[in-house]
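Enquirer: Given next are the chains, with one letter for each unit.
Protein chains: 2
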Amino acid sequence: MILVNGVQTDCVAASDRGLMYGDGVFRTMVMCGGQPVSWDRHFLKLSADCAALRIPCIPKEIFDRELETLGASHPDCVIKIVVTRGEGTRGYSVTSALQPTRILSTSPMPTYPDAYREVGVKVRLCDLRLSYQPQLAGIKHLNRLENVLARIEWDNPDIPEGLLLDEHGIVISGTMSNLVLFKGETLVTPDLSRCGVAGVTRQRIMSMVAEWGFQVKVQPISLQVLMEADEVLMCNSVIGVWQIVEFQEKAWPAGNLVHRIRAALHDGN
Amino acid sequence: MILVNGVQTDCVAASDRGLMYGDGVFRTMVMCGGQPVSWDRHFLKLSADCAALRIPCIPKEIFDRELETLGASHPDCVIKIVVTRGEGTRGYSVTSALQPTRILSTSPMPTYPDAYREVGVKVRLCDLRLSYQPQLAGIKHLNRLENVLARIEWDNPDIPEGLLLDEHGIVISGTMSNLVLFKGETLVTPDLSRCGVAGVTRQRIMSMVAEWGFQVKVQPISLQVLMEADEVLMCNSVIGVWQIVEFQEKAWPAGNLVHRIRAALHDGN
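Line by line, the protein sequences are chains W and G. The opening residue of the first sequence carries number -15 in this note's numbering; numbering runs sequentially from there. The opening residue of the second sequence carries number -15 in this note's numbering; numbering runs sequentially from there.
One chain only, chain W, in its complex shape (with noise of 0.2 Å):
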């Protein structure tokens, strides 16, 4: 199901910036239960990474809303959010005229085998990449050809992720998720200054430790650091977390974190 500005439509403009040139944004998360997940820490990303740049975000009461509507049609799925600038003529100068598009959409929740929530997933390197480009890191806008690109390198069913490095070979992230390692007391999960999205789970899961004790680090990490961890964890809004048992020639035991983590993920909001 596909509300675009709030009518039910699988259509889109073709002269909307979203499609000319990316000009957007998006949010993907999980609808249980008619309640979508995490909504508030949601579209406080939305609009921040809206006003990053410099489209007018929708208000909110428009959103509750629409996903209202969503939920009670599809209480259980994955829900996506994009805003655009908006229809636009050929050019990239923005009007003010511009008025921004929202695409909220459902789609099936995936399904991922038991075994990457109870055993944990083996990952593999990019080669490609990720620019530096501090206008645009962080944000979780709609130019999305590096993710596309780095997925692209492999097929192998067995392996669900691919991690990502900078042009300097600091990691980043998996090419749809953040990443969290944990040595003894400490949380460090790499600096998203100069490239990556800064996701919601990441946060919520920084918060949530910083509250248990551990010290939490933002920092440049290199592959190294990365295979000296304790427990490696990917997240995102939909598969939660799930632990990296197995990147290149290293395997990590079964992890504890990774556990009291999904739980309190799925307790929090």
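Be aware that one or more of the hints could be misleading.
Any copy, or any two copies together, can satisfy a pair, since identical chains are not distinguished.
Stated by the list, open to error - Distance condition first, Cα-Cα at most 20 Å in a straight line; then the derived SDA-like pairs of lysine to any residue:
#, residue 1, residue 2
1, Lys124, Met190
2, Lys64, Ala(-3)
3, Lys64, Val78
4, Lys124, Arg74
5, Lys64, Glu195
6, Lys106, Gln187
7, Lys106, Gly75
8, Lys64, Val200
9, Lys64, Ser77
10, Lys44, Val62
11, Lys106, Leu210
12, Lys64, Arg74
13, Lys124, Thr73
14, Lys44, Ala56
15, Lys106, Gln208
16, Lys106, Ser77
17, Lys64, Gly75
18, Lys234, Ile143
For the record, the hints were derived by calculation from the structure and aren't laboratory data.
Put chain G on the given structure of chain W with help from the hints.
Expert: Relative to the frame of chain W, chain G by itself:
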């Protein structure tokens, strides 16, 4: 007038990967007297760009037919061709089942002041720095947020273009145009192997002046080299060429090459 996969409509599937991820490429060119100018070159570039993103390109005959349709009703206009990877389900993965989407649309020829052609233009330096992404450099893909953000920096109608540097301060292009510099009998144009779009008009000019006996150099260009050039031209398929006559503290006298190149672009293909 818009043709989406050959059908006249103004609407595209909301799940198209062009919209979701900017997963596609485009071309902008001029239709003149019902004939698309330099179409053979544009098609070569379109198919090369599709190949670089591993999007199966659409046969030329299909575009030929649709361009003929557009040219019959809109003999003098701007034509934009977008090719996306097609409609997809959620997620970055690409399956072989995807069918590319093609969007051909007409826009009125832009009305720029005559002075831009006859006298030249004033340009500014953008704050945004282009990022390095060798896997995307040169390709006219749909991830154009850098261009949008750069173009948002100013709204002075007397300044039609802004120049873009890369993250190391090297001159790359304008927000919507490429640059060619002349110093004596040499054309110098920026190396676009790490960022920028290797456009058809730039390529036409390079070939043309090589035939005229100029030396042609593709190399990293500093602001100082630009400032010391005899004549600096910006080009794209819609504007043709304009001479830059004012930039920062520098003013250039009216040059001759801009007119010679414009005439040759107009006559040639």
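Enquirer: All hints, please: hold or fail.
Expert: Results of checking the hints against the structure:
no. : hint            : in the structure
1   : Lys124 x Met190 : within (19 Å within a copy, 38 Å between copies)
2   : Lys64 x Ala(-3) : both (18 Å within a copy, 15 Å between copies)
3   : Lys64 x Val78   : between (25 Å within a copy, 18 Å between copies)
4   : Lys124 x Arg74  : between (24 Å within a copy, 15 Å between copies)
5   : Lys64 x Glu195  : neither (30 Å within a copy, 53 Å between copies)
6   : Lys106 x Gln187 : neither (24 Å within a copy, 45 Å between copies)
7   : Lys106 x Gly75  : between (44 Å within a copy, 19 Å between copies)
8   : Lys64 x Val200  : neither (29 Å within a copy, 49 Å between copies)
9   : Lys64 x Ser77   : between (27 Å within a copy, 16 Å between copies)
10  : Lys44 x Val62   : within (19 Å within a copy, 39 Å between copies)
11  : Lys106 x Leu210 : within (14 Å within a copy, 50 Å between copies)
12  : Lys64 x Arg74   : between (27 Å within a copy, 9 Å between copies)
13  : Lys124 x Thr73  : between (24 Å within a copy, 18 Å between copies)
14  : Lys44 x Ala56   : within (18 Å within a copy, 47 Å between copies)
15  : Lys106 x Gln208 : within (17 Å within a copy, 50 Å between copies)
16  : Lys106 x Ser77  : between (44 Å within a copy, 17 Å between copies)
17  : Lys64 x Gly75   : between (27 Å within a copy, 11 Å between copies)
18  : Lys234 x Ile143 : within (15 Å within a copy, 56 Å between copies)
Checked against the numbered hints above, the structure violates hints 5, 6, 8; every other hint is satisfied.
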